[in-house]
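A.B. asks: Each residue of the sequence shown is one higher than the one before, starting from 1 at the first, in the working numbering.
Heads up, some of the hints might be wrong.
[Stated by the list, open to error] Using C-beta positions, here's what the derived DEER-type ranges look like:
no., residue 1, residue 2, range
1, R30, L8, 33 to 41 Å
2, V306, V265, 19 to 27 Å
3, R153, D194, 26 to 34 Å
4, R30, V180, 51 to 59 Å
5, R73, V237, 41 to 49 Å
6, D203, P15, 22 to 30 Å
7, R10, D194, 46 to 54 Å
8, R10, A69, 23 to 31 Å
9, V353, Q160, 35 to 43 Å
Worth flagging that the hints you see were computed from the coordinates, not collected in a lab. Positions of the beta carbon are idealized from the N, C-alpha and C atoms, including for glycine.
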Amino acid sequence: MSRCSSRLVRGTAEPVDDRGRQELTRAAARLARRGYRVLAVAECPVPDGYTLDDDHLDELRFLGFVALADRVRPVAAEAVSKLRGAGVRVVMVTGDHPHTAEAVAEELGVLDGGRVLNGADLDRMDDEELTRILPEVTVFARTAPAQKVRIVRLLRRAGQIVAVTGDGANDAPAIRAANVGVALGSRATPAARDAADVVVTDDRIETVVDAVVEGRVLWSSVRDALALLLGGNLGEVAFTVGAGILGGPGLNTRQLLLVNMLTDVVPALALAARPPAGTTAEALLAEGPDASLGSALNRDIRQRAVITAVSTGVAWTLARFTGTPARASTVALVAMVGAQLGQTIVAGRLDRVVAAACLASLALLAGAVQTPGLSHLMGSRPLGPAGWVIALSAAVAAAVVAWWLASRESGGSVEKPRTAPAPAGANA
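Work the whole structure out from these sequences, hints included.
C.D. replies: Laid out in structure tokens, this is it:
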């Protein structure tokens with residue numbers, strides 16, 4: 001604007017003073033606030049053969065503005081909302097005018113009362129000052145590639161896990177600097193694709209949400225598998241220590257090895273590979289490191305350990321009063337394996353593969369216990385009807401308690417798993 005000395009009004013050139021330039025600047029700002037990308041167009045007559053360069057672009061005649069609309073799709077705003085609901089902080093870093101960036105961020109639901117900074121503001125701040133205000137800023141406008149990289153590095157230095165999406169060559173340095181770089185769309189430049197860890201080929205930000213859902217499925221599976229392994233082993237240790245304190249034989253080394261083989265191998269693999277436990281994408285988005293590996297994991301481990309130890313201890317105590325020490329040890333073996341397998345079936349939400357793996361382990365246990373030579377090799381004794389009733393009753397009671405606790409925590413019944421909604425056109 002400062003180089004324009006006139007403007008074209010209804011085909012006639014009229015002089016432009018400082019006041020007129022301010023009016024034009026305000027008009028451009030109004031368009032930017034509506035989300036348009038604004039270009040100012042001017043002309044300058046020059047003689048033939050005249051070489052134009054930046055130093056000689058004066059006395060321009062202003063012709064008008066070109067307002068480019070890059071409208072936000074409703075599904076994009078919904079995707080941002082889902083990401084925020086999943087605990088992902090969304091920050092816009094763009095080269096657009098601050099007014100344009102603010103309008104787009106407002107439409108996307110990114111702004112949410114946060115601050116807007118431009119590239120000039122960034123240059124005036126040192127790293128310490130910028131790090132201090134980063135949690136308050138949701139939009140960075142008029143940023144150069146080097147400034148985008150600086151923002152990413154400071155976020156990472158502050159302990160954040162940063163994913164950067166982009167499609168242009170000017171996004172490539174920031175994509176490379178992030179923990180996870182995502183090149184969006186088939187129109188992404190080769191530089192952006194080469195810098196990215198993941199390339200989304202369908203031009204949909206919603207695909208990122210689908211990827212987060214799949215990641216949260218992994219967190220849920222990790223929690224269940226850890227609870228199975230750690231909780232079960234803690235229960236075994238607790239029972240063994242308790243039996244030793246009471247002066248009776250608990251499980252010998254071979255029996256403990258058999259317990260781990262039957263409960264920690266095939267059933268654990270089936271549980272980890274089962275369909276997601278949540279029935280909706282929204283439920284799965286609630287999973288994550290904090291939800292899966294924090295207090296919820298500790299709770300699951302404690303519950304599994306207590307249920308395993310108590311059910312086994314009750315069966316062992318009853319068997320001591322009705323039979324020999326070897327028989328009591330065998331009843332405890334069956335009760336411990338059965339209690340853990342029952343809890344695994346509950347944790348798998350009655351998944352067929354998990355249930356089949358657990359029933360197969362239980363069948364192997366029955367064969368090992370009831371085969372005389374193999375049973376003696378394991379330090380056990382074949383059980384009669386009374387022994388099996390005691391052991392299986394303890395195992396069923398453990399499964400029922402686990403079912404009740406799971407139902408109470410989920411606010412209803414424990415449902416069979418349904419496969420999570422398939423990502424629509426998600427190719428990464």
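A.B. asks: Look at each hint and say if it fits the structure.
C.D. replies: Here is what the structure says about each hint:
1. Range check, R30 to L8: about 20 Å between beta-carbon atoms, so the 33 to 41 Å window is missed.
2. A hinted range of 19 to 27 Å holds for the C-beta pair V306 and V265, which are about 23 Å apart.
3. Taking 26 to 34 Å as the suggested C-beta distance range, the pair R153 and D194 does not conform, at roughly 20 Å.
4. The hinted window of 51 to 59 Å between R30 and V180 is violated, with their beta carbons roughly 38 Å apart.
5. As the Cβ distance of R73 to V237 is approximately 55 Å, the hint placing it in 41 to 49 Å is violated.
6. For D203 and P15, the hinted distance range of 22 to 30 Å is not satisfied, since their beta carbons lie about 47 Å from each other.
7. Taken as a hint, the range 46 to 54 Å holds for the pair R10 and D194, whose Cβ atoms sit roughly 51 Å apart.
8. For the pair R10 and A69, the supplied restraint of 23 to 31 Å holds, since their beta-carbon distance comes to about 26 Å.
9. The hinted range of 35 to 43 Å is satisfied by V353 and Q160, whose Cβ atoms lie roughly 38 Å apart.
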